[in-house]
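Participant: Sequence:
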Amino acid sequence: MTTPRTSPRRLRRSLLSVAAVGAALALATPAGAADTGTGLPPGPAAARAESRTATTAQTAAGWVAGTRSYLVITTPGDTSAARNAVSANGGSVFASYDAIGVVVAHSASAGFATAMRSVAGVQKVGATRTSDVPADAYSPTLPSAPPQSATTLTETARWDMTRINADKAWAVSTGSPSVKVGVLDTGVDDRHQDLAPNFDAADSASCAYGKADTRSGAWRDVGTHGTHVAGTIAAAKNGKGVVGVAPGVTIASVRIAEPGTSMFFAENTVCGFMWAGDHGFDVTNNSYYTDPWMFNCPDDPDQAAIIEGVRRAQEYAEGKGSLQVAAAGNSNYDLADKRSDSSSPNDSTPVNRTITNACVDIPTELPGVVTVAAMGNGNIKASYSNYGRDVIDVAAPGGDGAYGVYSTLPGGKYGNMNGTSMASPHVAGVAALLKSADPSATPAQLRERLGTQATDTACPSDSRCTGTTAKNAFFGEGQVDALKAVGGTTPQPGRYFENTADVAVADNATVESPITVTGVTGSAPAALKVGVDVKHTYRGDLVLSLVAPDGSVYPLEDFADGDSGDDVVKTYTVDASSETASGTWKLRVRDLATRDTGRIDTWNLTF
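Sequence positions in the sequence shown follow the working numbering and run 129 to 735.
The set of hints was computed from the structure by calculation and includes no laboratory data. Glycine included, every Cβ here is placed at the ideal spot set by N, Cα and C. Treat the hints with care, as some may be off.
[Said to hold, decoys possible] Derived pair list, reagent style DSSO-like, types lysine-lysine, alpha-carbon separation capped at 30 Å:
| hint | residue 1 | residue 2 |
| --- | --- | --- |
| 1 | Lys657 | Lys296 |
| 2 | Lys368 | Lys657 |
| 3 | Lys698 | Lys663 |
| 4 | Lys365 | Lys663 |
| 5 | Lys296 | Lys365 |
[To be verified] Pairwise CB distance ranges (calculated):
| hint | residue 1 | residue 2 | range |
| --- | --- | --- | --- |
| 6 | Thr594 | Thr242 | 42 to 50 Å |
| 7 | Gly690 | Thr638 | 19 to 27 Å |
| 8 | Thr580 | Ser651 | 37 to 45 Å |
| 9 | Ala572 | Ala629 | 46 to 54 Å |
| 10 | Ala209 | Ser476 | 30 to 38 Å |
| 11 | Ala598 | Ala721 | 45 to 53 Å |
| 12 | Val675 | Thr570 | 50 to 58 Å |
| 13 | Thr722 | Thr570 | 53 to 61 Å |
| 14 | Val192 | Pro325 | 18 to 26 Å |
| 15 | Pro478 | Ala238 | 19 to 27 Å |
| 16 | Thr597 | Ala299 | 23 to 31 Å |
Kindly generate the complete structure, drawing on both the sequences and the hints.
Facilitator: See the structure below:
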């Protein structure tokens, strides 16, 4: 697979995947369709990919083994001379982007790149992969539309949202539907109950293989990663499932992952950024690295062309008003001190190579891109997150260990993932809130405000974290803050009480854990916060309640019998205004079945 920033492979991929309601994820730990004829994007002719006539050996109906893909870089404005040279040197033009001077060429000739580099006016030529272009590129298969499952899950303020004050921000603004966020990823399940209300099919497409495919459904998920990312950005505030950081904005899907491998090659990323620019995306989220090289080095002619082609496409999108947000990666690697890479190329046989800081992780290290590190539940770097002094811009919750980021999955489902892939969409959501608050803000202004409004986060006792509290190698300028993004102010925290003593939860049993509240006069608040951390191997067995000092019972959640997920890590809001605050409160946990047990790990009250 490729690299969503979740794994060592690419998708800044979710690092760890935790079982979801009815679905298991299999993403790694640290590391990252073409239309055959008329499905081209409607934007300006000079800025969109144009289909060209293939050679007789390579047609939409056929494919030859050994076909490789290349970026041919020339002067922006008119690629006709470069396109003619491609045909004259044993290749065919698969797509071209005149506005940035980039041609996507295919050839089965081993000498194609060398021949093209000697052509007048051609600036760079580089192979974008070390494996063959799949035959699917010539007649792409549409992703299936998964059957949808209804959910009994109700919205709660989950730990990642409370960490960045998103739950407080929603009371001020949920974002504007005129703000559009592009999810450049494995695709998005547009029919998901939590995504359909905010999904824009008209501006969604597939860019797999490097040419826009606008057929209906081409944008759908060929994995699970993109749908999970989309939910973190903008899952609707509709009373069910989860809520995204900016639940009022619009999302569009640009699938840049190829089916089967879920790899994100350079031509796909170029197409995605061009689409974002031409279709008015205010923000894009990029939770991946560009395959097959974890780092692209300018002294290698192939990789130099990749750097230049993707750089130009990003610059084009930014010039059209789009801010790119990207995951930093999951290899626990110092991006400010690059020395070696043993994971590339990941589409064939990786080799051990010595590298330097001149080599860049694309797109996260391109100029203008916001680079996002991941945090666990607290002011801590996630164990897997890449870092780097003056490389990391900001940080956000990505999950770690028992604390996963819970979001949408294809088919109406939900589940946990960990990774910088999960941190980046939190930042994309905050950027969308900033854009909603100031529609005239430029990408550069949004980028600056993300840093200015972030909460300064000091380095832990770790020699790798250099810099100051205001800006350092682990967290950049700090953890983003959704409430500040919408112009709100963080309220003074109430009195906080916690019980960390473990209480075993046996089969078919009811247990209680007490907290004695003192020093709080008068009534409890109408928005009493009840933080719960229950470890259990099948939460569908559980019923949770809060018991007031006078014995009144406030139901928190009766989990659906079929909810096979592990653990309950949530914050509930209870109207306890009829209760006296002081006294002994209890968390009551009932287990209604056999075979699965657990414990109350910790719980808390905030008045």
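Participant: The structure should be examined with respect to each hint, and the outcome stated for every one.
Facilitator: Each hint, compared with the structure:
1. Lys657 / Lys296: holds (13 Å)
2. Lys368 / Lys657: holds (19 Å)
3. Lys698 / Lys663: Cα-Cα ~12 Å, so holds.
4. Lys365 / Lys663: holds (27 Å)
5. Lys296 / Lys365: Holds, at about 13 Å.
6. Thr594 / Thr242: 42 to 50 Å: holds (44 Å)
7. Gly690 / Thr638: 19 to 27 Å: holds (22 Å)
8. Thr580 / Ser651: 37 to 45 Å: Holds, at about 39 Å.
9. Ala572 / Ala629: 46 to 54 Å: holds (51 Å)
10. Ala209 / Ser476: 30 to 38 Å: Because 32 Å falls inside the window, the suggested range holds.
11. Ala598 / Ala721: 45 to 53 Å: holds (51 Å)
12. Val675 / Thr570: 50 to 58 Å: Once the Cβ atoms are compared, 53 Å apart, the range 50 to 58 Å for Thr570 and Val675 holds.
13. Thr722 / Thr570: 53 to 61 Å: Once the Cβ atoms are compared, 60 Å apart, the range 53 to 61 Å for Thr570 and Thr722 holds.
14. Val192 / Pro325: 18 to 26 Å: violated (45 Å)
15. Pro478 / Ala238: 19 to 27 Å: holds (22 Å)
16. Thr597 / Ala299: 23 to 31 Å: For Thr597 and Ala299 the Cβ distance comes to about 29 Å; the hint holds.
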